[in-house]
Every structure is written in C-alpha cells, then in structure tokens.
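Chains V and L, in that order, give the protein sequences.
Numbering-wise (the UniProt record's numbering), the first sequence opens with residue 1 and increments by one.
Numbering-wise (the UniProt record's numbering), the second sequence opens with residue 1 and increments by one.
Take the hints with a grain of salt, since some may be wrong.
Unchecked claim - Straight-line Cα separation of at most 25 Å, BS3-like style, residue types lysine-lysine; simulated pairs:
hint : chain 1 : residue 1 : chain 2 : residue 2
1    : V       : Lys295    : L       : Lys33
2    : V       : Lys282    : L       : Lys182
3    : V       : Lys295    : L       : Lys182
4    : L       : Lys33     : L       : Lys53
5    : V       : Lys295    : L       : Lys237
6    : L       : Lys98     : L       : Lys182
7    : V       : Lys324    : L       : Lys33
8    : L       : Lys98     : L       : Lys33
9    : L       : Lys98     : V       : Lys295
To be clear, the hints were calculated from the coordinates, so they are not data collected in a lab.
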Amino acid sequence: MPTTAARTLSLFIKGGAGVERLGGWIHIFQSGLYASLTYDSGLSPALLARARSLSNEHSTLSAHLAEAFDAKVAKRVGELAPIANTLKEWDHANNSMSELQSLLNDPDTDAELRSLAVEDLESSKVTLPTITDNLKKALIPRHPFADLPCLLEIRPGAGGDEAGLFAFEVLRMYIAFCSRHGFRYSILKQEVADGPSEDRLSEAVLEVDADGAYDILRTESGVHRVQRVPATEAKGRTHTSAVSVMILPSFPESGSGLDSSLNFEDPNSDYYVDPQEVRTEKMRASGAGGQHVNKTESAIRLTHVPTGIVVSMQDSRSQHANRKKAWQVLRARLAEARREAREQELVELRRGAMGGVARMGRGDKIRTYNYGQNRCTDHRSGITIHNLDGVLDGGVGLETVMDSVRTWLVDREIAAMAVEESVKDKGGLPAQQR
Amino acid sequence: MPRIPNRTILNAYQQDPLLPLLFQECRSLSLAKNELRWLRDRAVQVAQLNLAKRTVRSKYFIGWRGLLRSMCRARSRGLPLQYILGDQPFGNLDIRCKRGVLIPRPETETFTFHAASLILHDMLKNGRSPTENRATCLRILDLCTGTGCISLLLHALIAPHVQRTSILGVDISATAIGLARKNLIYNIRRGYLSDTALMDITFRQGNVLDIHDIFGSSIHTGPPDVIISNPPYISQKSFRDGTTTRSVRRFEPRIALVPPKGEYMSELPLNRQEDIFYYHILSLSFRLKTSLVVLECGDRLQGTRVAALCNDLASEFEQVGNLHICIWPAADESMTGGDLQYSEPCVVIVQRYG
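This is chain V alone, in the form it adopts within the complex:
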C-alpha cells in the first residue's frame, strides 16, 4: 500500500501543471468506473473465497514446514505457492486502488495530487484484469497426469480403408511433432490392416517418453475428421472419415520417484491395478508345445475382468517385453477411464448450472482436416489454419492449433470452476447462473 501512494506523491512533486486541466472531468468519469471495477472484477465471490482459503492453507503449511520438513507438505506448499502469490498481488492492486479512491474522495486533496491519483488509478485499472486472470489460472487444479509421459493411441473409425490410411498420416504427424520437440518416442504397437499396402493402420500406440508430454498432448484426445478425395476413390468424390486419438498417461517403471497417488504398485493409489483382476492368456495354436515346436511369436493378451478392457501385444519377440508393454497400456487405459469417471461426477454437478454437456469426451469430433480447402479447423477453439501441410508436418501449424485449444481449455476450466463454486455455495441446490 505505501508504494503507489508514494509514487503518486513523487510524481506530484516532479509533475507540471499540464495534467491539472484534465483532472476535473477525468475524476468524475473515473470514479464511476472504479465502482464498477471493484464489484465486477471478473472474479466471483465464490472463487475469491476459494483463493483465500487456499492461500491460508499455504501460509499455515509453510509455517509448519519451517519447523519440520515433510516431503508431502512441501509438495502441497509448492502447488499452492502460485495461488498465494497471485492473490497477494491481487490484494495489493485492490488496496492501492481503494487508497487512491479515498484520496480522490477526500475533499482536502490537492488538485495536482488528485490528477496524478487519477492517472495511477487508470494504470491500475489496466493491470488488474491480467492479475485477476492469472489468479483464475492459478486456481485451476493441476491435472493429475500433467507431469507424466504419455501413450498416444490411434485407431481408425468410420471410413474403412481411407480411415486406415489417414490414421497412418496422423501417426506420422505426431511422430514429426515429437522429433521436432526433441521428445523421445517409440512405437509400442503398430498393427497394419490386411491389404496391399503397408500404410493402412488398424491400431497404433506411440509412447512419448518425456515428462509432461501428457499435458502437452492432451489437447489431441478426440475424433479427428478428414475430408478428402481418397486415393482409393475412382470417381473423384470427397469422403469423410474419422480417426480417433486417445492420450493416455504412461506410468513410470517404478513409482518410487513419484508421490503415492500415482504409484501404481501401491494398493492405496487410485491407479492401482489388482493383478488378481487381470487374466493373462498366452495366445497359442492348439497342439503340442515345448520342445515339440519352435514358436517365434509369444503374444500376450491381458483382460481386466471387472471392466472388460482387453490389451493384446505381439510386436516383440520377447514374451517378457510383450507382457511389460501390455501392462503399460492396460494401466494407462484404466487410469484414464478412472479419471474420466471422476470427471463425469463433476460434470453431473455442473450440468444443471452450465446447461448442456460441459465435457469434451473421446467420442466428440474435435478437428477437421479438409484437403479440398487446404484447411484445418479445430471445433473447440474455432481456429482455422489455411495451411494443411504445415499442420500435418507436425510443425508450427499444429502447434498453433494446440495452443489455441489450450487457451480454450483454460477458459472452460475457469467457467466450470466458477459454476462449481457457486453450486457449492448454494449447498448443492439447483443453481441458476445468469
């Protein structure tokens, strides 16, 4: 609080009389605006209350941390620090504004001081929305898988051969994206459909082995639609086909480095898979085995009995490696499914308030690649890039699209969060917003 006032004073001493003339009417105009700013700063009281409680938690925990170190507490403090800092900044901005306001309201204030106060108020008015935005962003809970590497699953959908062909191009796009960003990747599984060419995918799993890859690529989950004249089309008609892309979290080999909530070997973890619930089958031909035959393939199929999720793996010569990869994919699918289920609960909570579906699931069409018009449109952020090759190269085009989706995701999260808080405030009663 002292800084702004002091700056105003120092400006007053240095400042000339030039500003004085404007002072009078700006003051009248400004005071009206200011009133609206404090009460409609874009931060709902519910969100502010949440920020305050989290910030309080931060200060108590840091005090606790000063006495005795605890890894868990330290992690929580680290998570809360941005919220506490931004809230402090926000408070500071608000305080100085009210201080300036009181200066303006005081009839004893000097005319020149008044004009400078008005000027400062104006600059504060400009910065406050950005601080508010930052605070909102800081309040968004971190995605549970944000720090993890990921698996990228590609499956052709409707559209037959053409979908398989495009699935292969999508795979190439993400491989290019990964090498451009220096992410280490490996193809865990690549199944080609029967047909004359190699590039007709029936399923592929790409492992992106970089921490935080999940957060970067999670904008890509959903149905990608392609509109073009396929190579297989004789009469030159445009076809529409679809390819589904799934981003799954990839859990590190030994969960020891991570906190327990992500350690899949810990039975208390949300993402623990009980080996009792998984049926392992070694797919084999009938007839004798052992020394009688010399098998070169050792396919493994895992079935998670409660959910019916099936993963089969046969790409490697090593039975051991196939099993490891199959488990990795199974764990990833289960974790994603469990997270989605949890998110669904939240959506149920919000639904009444937001009206309509507030979630983009795997079944939703998210992007269209139109070859005829050489464009790529993302249906969530609404962005259209008129350079399809730039997108399919996994280059700047794709990055632009992904960035726009990320912004859209943040906006949506904030809206959802505000609604959620207001629902909570009203004690779970059906909420009506706006």
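Keeping the supplied structure of chain V fixed, place chain L upon it in accordance with the hints.
Same frame as chain V, now just chain L:
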C-alpha cells in the same frame, strides 16, 4: 498341415514379395509379417554394422536387401528364426543361439519365473530364519542346461535377494557348454546380469544318465538346495509322427530332444524311454535330499507319470512323509478345452520339508 490357399499367398506377395517364403514355416499372415519385420530390422542392423566396420571388402559387400532375401530363403527351408538371427529373448536376458544347441522355449521361460518365485518364497521366507540365509549359500543345479538360459535367468531373478548363490549348469554336449559360457559373458557385458554372475555361475560338461559322473560333480561344491531341469522328453514315436514340427526335427539337435535308447533302459523299472531322464534326476535328488526339484515335462500325461515315479522312488528311499509333489500349472477344466491343456508342457514340482 492344411494347404494355404493360393489366394492368400498371392495376397501376401502383393504386400511383400518375401512373405510367401516365410509362409512355408509361419502358416499365418500376421506371423509372417511379424517375422519379416524382425528379419528386416536385423538385416538393416547387420548391414549398417558392416558398413561402419568396413571389414567386409566392397567386392563381397551385401546390402541389407540381399541379406534379408537370403535370410528369408533360409527360413523357408525351415531353419529356425533363432538360428538365423542368432539370439532369442529369454526373460530380460538375450540368449545367443546356434546350431547344435536347443533353442530356449517360451514355456521354459514361464517355468523359470515360477521356479524363481518358489525359491524366493518357500525357501527364504518359510524354510530358514533370515539370519541363517545370510550366511549360507543357495546352491542350484541345472541339469541339461543347453544354452544356459535357465541358470542365467535364475541368477538374474534370485541373486538380488540372496546373499550368495552358486549355480552349476551341466550338459553332455561340449558345444552347449561353450555356448552357455559365451551367453554368461555376453549377458554380463550387456548389463543384463550382475558382475557377480561370473563368479556364481559355472558350466560343466557331464552326463546326467551316468549316476557316478553327475553325483560327483553335484556334490563337488556342496549338495544343491534346488535341482531344476528341462531334459529331453520327446518319445521316439512323437518325434516321428508329426507332433514334433519339421523345423525342430531337421534343425535342432536330436540329443536335446529325444532320450537315447540302449543300455540305460535295461535294468530300470521304467517302461517308457522318454521318462528316463526323470528317473535319474529324481533318484539323484533323493540321494542328496534336495529341498526343491523342478522338472519340465512334455505334456500332462508325462507329468502325471513323473509324479507317480517320484512317489515310487520316495517309498524306495523311505522318504515319503515330508514330500509334497504337485504339477503346475494346475489343470483348470473351466477355462479352455481339456484337450488343449493336456498337450501343453507342465512342470512337476517336488518340495521337501524338514
């Protein structure tokens, strides 16, 4: 063997001209494609290595395409993929393979994992007190070791949890012993085995059917706690009648598959020649009072016979009371057809308490 329709072969040819060659052995498109991929990966790798080393003079230099073609031709003659590529993954290890030594089977891999878990659970948790097993050394005897795969994998699985292990692998073939030693060094170099393996694992030539030879070598370092074996178990009949596939019959060593005829049989209480190794190994275990014996058998019928043989020998040696004999994996009628399960290999596990 059912004939593959021309149409399928033509279809495969359109995808890759080399696929029909692989069809001879693979009999299915997906497997043929997988094998072609593995062969191609290796061919490219070898060609690059040659190029880097420049050991091959330009005149004799073969590109990876030529290499791949000759590999596929060899495969179409029935040469096992593992002999062409020169290795076979086994657990987390990489086992070198060459003509004259049996290729490790995936079933053996599964059984070895099971044996390791048995050793770690039963022997260390129940059998002895923790202070005792710090001091003592766990001795394992691997009979008919071949490439040495069981010995090496057991060491990789057990050594981190036990103070000291000592594993002895025995095989009658000098080629096999040479290859097993090579495998030991190869896997240590690649970091799949710890350095202590060089001290802990020994391979020795010996005849399992000669009781004096094997008895002498097994008590050389002290009586073993565990005997594990994947002996030859194919009968003369099923070697000939098509149960054993062409590739195995022609290219893998008969000595590692079919127990020998002759003088060994005459004085034994056995009517089946293919069970001869089990008789010798089990009687050895009774003399040494081994606490765990794990024996791979060709099918469930043989497993049952071996379990019965074990009971007979137990009464002969008067050690009935503290024995526990079982066949693993346990027969599970509900899961798949009984027929399929009966033809699958299994292990007979003999545990001795007290």
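Exercise. Among all the numbered hints in the text so far, which are the ones the structure does not match?
Worked result: 2 and 4
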